[in-house]
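Chain residues, written in single-letter form:
4 protein chains.
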Amino acid sequence: MKKHFIFLLGVVLTVTPVCAQRSAQSKVETKSLFSKVLNAERDYTIYLPKSYGTDTDRKYPILYLLHGMTDNSTQWYNRGHLKDVMDLLTASGEACEMIVVTPCAGGSIESGAWNGYFDMPGWKYETFFFTEFLPYIESAYRVIGNKQTRAVAGLSMGGGGSASYAQKHPELFSSVYAMSALMNIPAERAVPDKSAKDKRALLYLSVIENNCIAFVDKAGDALRDQLRSVAWFVDCGDDDYLLDRNIEFTQAMRRAGIPCEFRIRNGGHGWEYWNQALYICLPFVTRNFK
Amino acid sequence: MKKHFIFLLGVVLTVTPVCAQRSAQSKVETKSLFSKVLNAERDYTIYLPKSYGTDTDRKYPILYLLHGMTDNSTQWYNRGHLKDVMDLLTASGEACEMIVVTPCAGGSIESGAWNGYFDMPGWKYETFFFTEFLPYIESAYRVIGNKQTRAVAGLSMGGGGSASYAQKHPELFSSVYAMSALMNIPAERAVPDKSAKDKRALLYLSVIENNCIAFVDKAGDALRDQLRSVAWFVDCGDDDYLLDRNIEFTQAMRRAGIPCEFRIRNGGHGWEYWNQALYICLPFVTRNFK
Amino acid sequence: MKKHFIFLLGVVLTVTPVCAQRSAQSKVETKSLFSKVLNAERDYTIYLPKSYGTDTDRKYPILYLLHGMTDNSTQWYNRGHLKDVMDLLTASGEACEMIVVTPCAGGSIESGAWNGYFDMPGWKYETFFFTEFLPYIESAYRVIGNKQTRAVAGLSMGGGGSASYAQKHPELFSSVYAMSALMNIPAERAVPDKSAKDKRALLYLSVIENNCIAFVDKAGDALRDQLRSVAWFVDCGDDDYLLDRNIEFTQAMRRAGIPCEFRIRNGGHGWEYWNQALYICLPFVTRNFK
Amino acid sequence: MKKHFIFLLGVVLTVTPVCAQRSAQSKVETKSLFSKVLNAERDYTIYLPKSYGTDTDRKYPILYLLHGMTDNSTQWYNRGHLKDVMDLLTASGEACEMIVVTPCAGGSIESGAWNGYFDMPGWKYETFFFTEFLPYIESAYRVIGNKQTRAVAGLSMGGGGSASYAQKHPELFSSVYAMSALMNIPAERAVPDKSAKDKRALLYLSVIENNCIAFVDKAGDALRDQLRSVAWFVDCGDDDYLLDRNIEFTQAMRRAGIPCEFRIRNGGHGWEYWNQALYICLPFVTRNFK
Chain A
1 MKKHFIFLLG
11 VVLTVTPVCA
21 QRSAQSKVET
31 KSLFSKVLNA
41 ERDYTIYLPK
51 SYGTDTDRKY
61 PILYLLHGMT
71 DNSTQWYNRG
81 HLKDVMDLLT
91 ASGEACEMIV
101 VTPCAGGSIE
111 SGAWNGYFDM
121 PGWKYETFFF
131 TEFLPYIESA
141 YRVIGNKQTR
151 AVAGLSMGGG
161 GSASYAQKHP
171 ELFSSVYAMS
181 ALMNIPAERA
191 VPDKSAKDKR
201 ALLYLSVIEN
211 NCIAFVDKAG
221 DALRDQLRSV
231 AWFVDCGDDD
241 YLLDRNIEFT
251 QAMRRAGIPC
261 EFRIRNGGHG
271 WEYWNQALYI
281 CLPFVTRNFK
Chain B
1001 MKKHFIFLLG
1011 VVLTVTPVCA
1021 QRSAQSKVET
1031 KSLFSKVLNA
1041 ERDYTIYLPK
1051 SYGTDTDRKY
1061 PILYLLHGMT
1071 DNSTQWYNRG
1081 HLKDVMDLLT
1091 ASGEACEMIV
1101 VTPCAGGSIE
1111 SGAWNGYFDM
1121 PGWKYETFFF
1131 TEFLPYIESA
1141 YRVIGNKQTR
1151 AVAGLSMGGG
1161 GSASYAQKHP
1171 ELFSSVYAMS
1181 ALMNIPAERA
1191 VPDKSAKDKR
1201 ALLYLSVIEN
1211 NCIAFVDKAG
1221 DALRDQLRSV
1231 AWFVDCGDDD
1241 YLLDRNIEFT
1251 QAMRRAGIPC
1261 EFRIRNGGHG
1271 WEYWNQALYI
1281 CLPFVTRNFK
Chain C
2001 MKKHFIFLLG
2011 VVLTVTPVCA
2021 QRSAQSKVET
2031 KSLFSKVLNA
2041 ERDYTIYLPK
2051 SYGTDTDRKY
2061 PILYLLHGMT
2071 DNSTQWYNRG
2081 HLKDVMDLLT
2091 ASGEACEMIV
2101 VTPCAGGSIE
2111 SGAWNGYFDM
2121 PGWKYETFFF
2131 TEFLPYIESA
2141 YRVIGNKQTR
2151 AVAGLSMGGG
2161 GSASYAQKHP
2171 ELFSSVYAMS
2181 ALMNIPAERA
2191 VPDKSAKDKR
2201 ALLYLSVIEN
2211 NCIAFVDKAG
2221 DALRDQLRSV
2231 AWFVDCGDDD
2241 YLLDRNIEFT
2251 QAMRRAGIPC
2261 EFRIRNGGHG
2271 WEYWNQALYI
2281 CLPFVTRNFK
Chain D
3001 MKKHFIFLLG
3011 VVLTVTPVCA
3021 QRSAQSKVET
3031 KSLFSKVLNA
3041 ERDYTIYLPK
3051 SYGTDTDRKY
3061 PILYLLHGMT
3071 DNSTQWYNRG
3081 HLKDVMDLLT
3091 ASGEACEMIV
3101 VTPCAGGSIE
3111 SGAWNGYFDM
3121 PGWKYETFFF
3131 TEFLPYIESA
3141 YRVIGNKQTR
3151 AVAGLSMGGG
3161 GSASYAQKHP
3171 ELFSSVYAMS
3181 ALMNIPAERA
3191 VPDKSAKDKR
3201 ALLYLSVIEN
3211 NCIAFVDKAG
3221 DALRDQLRSV
3231 AWFVDCGDDD
3241 YLLDRNIEFT
3251 QAMRRAGIPC
3261 EFRIRNGGHG
3271 WEYWNQALYI
3281 CLPFVTRNFK
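Residue numbers (the working numbering), protein chains in the order written: chain A, 1 to 290; chain B, 1001 to 1290; chain C, 2001 to 2290; chain D, 3001 to 3290.
Note that these hints are calculated values from the structure, not bench results.
A couple of the hints might just be wrong.
Unchecked claim - Straight-line distance between alpha carbons at most 25 Å, and here's what the computed DSS-like set of lysine-lysine pairs gives:
{"hint": "1", "chain 1": "A", "residue 1": "K50", "chain 2": "C", "residue 2": "K2290"}
{"hint": "2", "chain 1": "D", "residue 1": "K3290", "chain 2": "B", "residue 2": "K1290"}
{"hint": "3", "chain 1": "B", "residue 1": "K1168", "chain 2": "B", "residue 2": "K1290"}
{"hint": "4", "chain 1": "B", "residue 1": "K1059", "chain 2": "D", "residue 2": "K3290"}
Just so it is clear, the structure is predicted and the values come from calculations on it, not from any experiment.
Using the sequences provided together with the hints, build the complete structure.
Have a look at this one:
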């Protein structure tokens, strides 16, 4: 009797399923690929939805979810709790089952890691992303692989990266959700010398060069039309030091007549903000998958 | 010039304040005290609000925030992100500055840790809590120390614990916020033999003995009046396996004419639910501090 | 100069578009049809989305949105502000463009109006709904007209009506959203004599006869399978006098293994609750349109 | 039996209490006072909380809630549903019991009604507000009557009015919540000739003269200190044509080092936005009552 009770209680009071092998579960794993462009092994962390392991013929929409400066591919999963949020929102139907993947574009800049989503002298990350990473992921995993079912999002440096990637490739993404985005370097900062060679200065220069606000202002009619084929969402905290740059971006979008959702919620530049942003982001990209 | 730029950029692109010593910060630390009642050293984790280190004459309200089964005192801080949420909500004024403390009432039950908030044969945890832990905390830290400024909350086993503590001590707490609470052992489970000695069975028996639902039903008029002096909040996910017990508790409260807020939100028995619950809980306990 | 200024200010400070004829607007209108089944003219109020008047070949999904007891077809629009909410949510993409229609199933019962969604002696409203009203609406307006793009929702008496309609016709509806629903007559009430003839008693008897809770409990395996093809959502306030009946319904659904979202939010049986419910309901039915 | 049943059903299925005389209810009424300053009778609409009629010695906090252009004193109650929201939020404790009052500062400008919260040639409304209206209300009703328990809020023209009133009288208000506020006339508009005499031009000129953004920029250190004694909240929709002016206001506040909560939510310049704003506004002013 006692034994029987203990077994039952074990089932009741723990969340872990007793028979995991029978019950499909989503999973997160960190792997790597070798980049010829960068001449380096690069990590990525990937979320595979619940049915991925059992519906072995099914292909999925994909979200490229970019991390921030000095972060690496794992933080969206360790601190952003992407898996828990996705599992919750797919269970209630607010988000659809999708693959989410975060390539590593950072690490400790003090310890010598390259940071940034753009091409820099000696580190063509953007070229890597579009010619190696995206094609690799979409062949190694069962990804549908068209604009209608592909989205990009990110926080801070990755928020700027996601906006910029969608600006240059509106033919690839159906939606973009930029959080606390580094749309450009904050005003009133000293601009590094163009001959600077350290990685922080190179990152800084690449952000200026890929300034998302100027991009909109300079876009001609044909390009603006293409940008209208993407669903845009900008989300930034009222205490975020990047707020003004996000305001400027949405103002540029308004001037250009490109619809763009804009929200300012309570908070600054931090993980509680980004974890909560997922609850808005994942339904948003889902709605814009066709 | 380059050096100057790098310094400025360091300031801009990181969240860490340059002069931490000048800027007051909240902090979390895990310490321990020796319990004569339990004859054991017991950990606790405590959050001290931003002004605690600088306003050295000020006393604070306190929230006892209880953890769940097999958890220990740190999870509310590591996975629940209590510090980040408190800092955010105090900055916007939605919660007031308060001390939050979590005593350890668990750990791996498989590895022999006692779990539970009640008195059990050989482990009088409830006695420890009220005669040693609470008095210790309220003298070791600058706590106001009255009902008007004291609250209790918790998740799962700690949700049941918080409800039960407030039931037995309505004179001590102004409010209680019970999340996904183990108000009683789920129905249709085998009841352990009363002679059972293993720690899981003892926990189980203590939960039945301190059944929060029966407590309300049995309470006489005088006790019900006292229970009305506490503000009650029950919050449980629609996919939580403990939902029915939470429903039964709120129905008992209604039958007894004791006001009790009740919410069912999207989700199950997990950390995303509890992290989000903090955004409701902390303003709720704040409102009920006088 | 002055005139010029006044004209501009008029544009700036009012919400009304200057050139309404050029800008597509959603609209709400109340019309009627004659029912042979009821031998009476019956009103309905309908919302036609923004593009309805301009995309004249396009067909739309439809939501049947049922009103409560003693209400008529207009309250969802006058007090529920359906048009304002739909316009807001379609602008942000949270809801898709759809037709929403409310048939009149009520009015002042004291003044002799029939109330209720079911067949009663002398008033076969449910027959009218399925054999006359739905077919009429779906031919008179450009409705897609299949299960995948048809939903039903309602409040109180209409919440029970919507659940019951979807129970009997899972082949017709992709989703149902029941608010503060009269799933059955509240317990502990006197049951009217079966020979009662007044309209309130007839309504009461029809609700008992069409008891949504018993329906689930009695459903066999094949029917349960069909019920699983509908997405269910139950939403009821924590101070609603119908809460227990909604709890019982969701418990029956759980026993039957039919997934059903369940939320308890702050509030009672009133219009602020239902207006807010639209913000959850309209995205929910949208997600479940295929 | 039948009669008995009907009586019980009447109790069950309606929200109206059977014994209204025994159960305290909040109420809304529209009254008027004669203004010597304006030489006119002026309406106001007032909400008295639930306990007002029974706790006849109790004094209450007060919120001055200002309406928008061409509106009058009743719209916050008819379309904003102030009473329903207040009743809901006081029941759950999210807002405290308070008096809310809306003075009429508008009406159809085409039909000759004066609009605006400022002093204009021939219509010293601001003088009326501070020397007649506020003193009258706070003596005719049981108002506590100090800064700690007085707040001001409003929408559009009334959002600008509330911000401006708190700027000029930081000694009177503990908090201000400005919704979709006319902080200044939108940019790129023709400025009316200063000799203009029609009421729209006079309103326009008075808004420019009381420009809330310039006020902050011009404020000296002493005044900024006083402004910091008020809790500020700015809330504006992402599709509101006044958004940029609200952005400019919050940027000026940041430059001046005056804390100000800022939110951009989904929506434009309309009543769904303002009704929802009440759910944030009323807890905010409550928190800032001391």
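Evaluation of the provided hints:
1. For the given pair, K50/A sits about 21 Å from K2290/C by alpha-carbon distance, which is consistent with the 25 Å threshold.
2. Between K3290/D and K1290/B the CA atoms are separated by roughly 10 Å; this keeps the pair inside 25 Å, and the hint holds.
3. Restraint check for K1168/B and K1290/B: satisfied, since their Cα atoms lie roughly 21 Å apart, inside the 25 Å limit.
4. Note on K1059/B and K3290/D: the hinted pairing holds, with a Cα-Cα distance of about 18 Å set against a maximum of 25 Å.
In the structure shown, no violation is registered for any of the earlier numbered hints.
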